[in-house]
Amino acid sequence: MILFFSIALKTYCMNKLLQFSSITGKVIMALAGVFLVTFLGVHLGINLLLLSDDGGRSFSVAAEFMSSNPLIRIFEIVLFAGFLVHIVLGLVVSRQNRASRPVGYVVANRTETSFLSKYMLHSGIVVLIFLALHFSDYYFVKIGLVAPPEGIGPHDFYAMTLHLFSSTWYALFYMFCFVLLGIHLNHAIQSAFQTMGWNHTRYMGAVKVAGTIYSIAISLGFMVIPLYFILFR
Amino acid sequence: MNYTLKIWRQKSAKERGEMVSYQVSGISAEISFFEMLDILNQQLIAEGGDPVAFDHDCREGICGTCSLYINGRPHGPVRGVTTCQLHMRSFSDGEVIHIEPWRSKAFPVVRDLVVDRSALDLIIQAGGYVSVNSGGIPDANTIPVPKHHADTAFDAAACIGCGACVAACPNAAAMLFVSAKVSHLSLLPQGKAEAVKRVQKMVARMDELGFGNCSNTYACEVECPKLISVTNIARMNREFLSAKLFSEKEKIVRDSI
Ligand code: HEM
Ligand code: SF4
Ligand code: FES
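Just so you know, the sequences run in chain order A and B.
Residue numbering for the first sequence is 346 to 578, as defined by the working numbering.
Residue numbering for the second sequence is 5 to 261, as defined by the working numbering.
Mixed in with the good hints there might be a few duds.
Okay, derived cross-link-like pairs now, BS3-like style, lysine-lysine, Cα gap no bigger than 30 Å in a straight line [what the hints assert, rightly or not]: (1) Lys201(B) with Lys151(B); (2) Lys205(B) with Lys463(A); (3) Lys109(B) with Lys463(A).
Honestly, the hints are just simulated from the structure, not real lab data.
As the structure is a prediction and not an experimental result, all values here were calculated from the model.
Bound conformation, chain A alone:
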């Protein structure tokens, strides 16, 4: 009986989930995306403390605050949900999009339009791979799922960072991921405005410029850190 109900409930939920309209799906995805965009700014702010010349003290204080403040702990759950929703919808939407043209063209499309906007899934997947790596490097260490590197405490994020960036390959891969994140964001920010219906000739130009500046700032901001560690440590 219980089994029957749970199966019925599950099919109902699945049907409901798969039934939302194309626009609803995109709006939810954009909302989650915009949330992630603001989160990136906060995260970058904290990471830049790594550059201050105090042996990691201010960074550790900030990291400690982030991992102990109860409000931020709640926020963390919302953040994970945001990532999950964005990624799941990104994959579902991309799959539907592929299915809507089962037979492709012989000559690839030559429409003169924003070229990188067609590679949101690809840049997104690189970011996803980065996220997996980032989780196993920091978050799983923090919650004790993964053992920290030898001689480093599970909450000593400064030492972990130094350790990770001591590998040039790791630092290079890190920078590569942020180039792709920048590409993702460059299209994403103005795209989210359009999806929400906030496209107006009066301000869309400004939104596009601001989005590009923000994505370059985020991308370069994160990349400066490994560069600094490679060059000066």
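Could you slot chain B with the ligands onto chain A? The hints should help.
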């Protein structure tokens, strides 16, 4: 001028198709693309072959019947024109011209370059109309319409329903077409009364028919022969959202075809 044409040939919806090469020579630069295809077809008929099937009707850019994906672009290389308004002077002598039908799950190939675009009609049938007879031309200023709305509605109404937006879109989405129709009607007083229902019904139908999701690449706007703007898509998203979030009685769950 001489051209090599590589054209998609497919006998029927069920058979497999392929690109076939043809040569045409002595073509005047001043004739239209379709006159060039007419010459090719005469040539094929004289040789006892099958002429190439392609859609065309008015040949002056107003009916929306013509199509063709030419060298990677719907309606060919010139911006803001339909294929029937394209001339051979837009191609260089000796050029290889690839001609394919429009590709979308919702536009099955009927034969050669002809696709079935009745999916667009089904979207119109779902709500792209005004249900009551709104009468003859009203006296000037008896129905106030802001000039800006009249202009924007008129621009949107220029959509000829050709489907180039779908053909150009990497996701085969029909958002530009649907948003043009939604905007054109909802901006005017006669269409406004049904705006809340209309947008929900048309979007639901669009989704059912297998068109993709909009990812804002804006390829549609570039290829649209009538230069319909993607601000119409934003307007439709806005209308759709407010209909779903704020309308009380007129919420539409999917109705089936
Ligand atoms: C910090 C990470 C990320 C941020 C800030 C972000 C942000 C955004 C934003 C704001 C959009 C525009 C949404 C819209 O217009 O509807 C977007 C689109 C997209 N994102 Fe992300 N994203 C991130 C990570 C990812 C990941 C990991 C994936 C993995 C699959 C992904 C896949 C996509 C796809 C496929 C689109 C395009 C969807 C479409 O327009 O059809 N994103 N992203
Ligand atoms: S919006 Fe433009 S490209 Fe799309 S159907 Fe209308 S006229 Fe054709
Ligand atoms: S044939 Fe009528 S628009 Fe081209």
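Hints, one by one, checked against the model:
| no. | hint | result |
| --- | --- | --- |
| 1 | Lys201(B) with Lys151(B) | holds (25 Å) |
| 2 | Lys205(B) with Lys463(A) | holds (28 Å) |
| 3 | Lys109(B) with Lys463(A) | holds (19 Å) |
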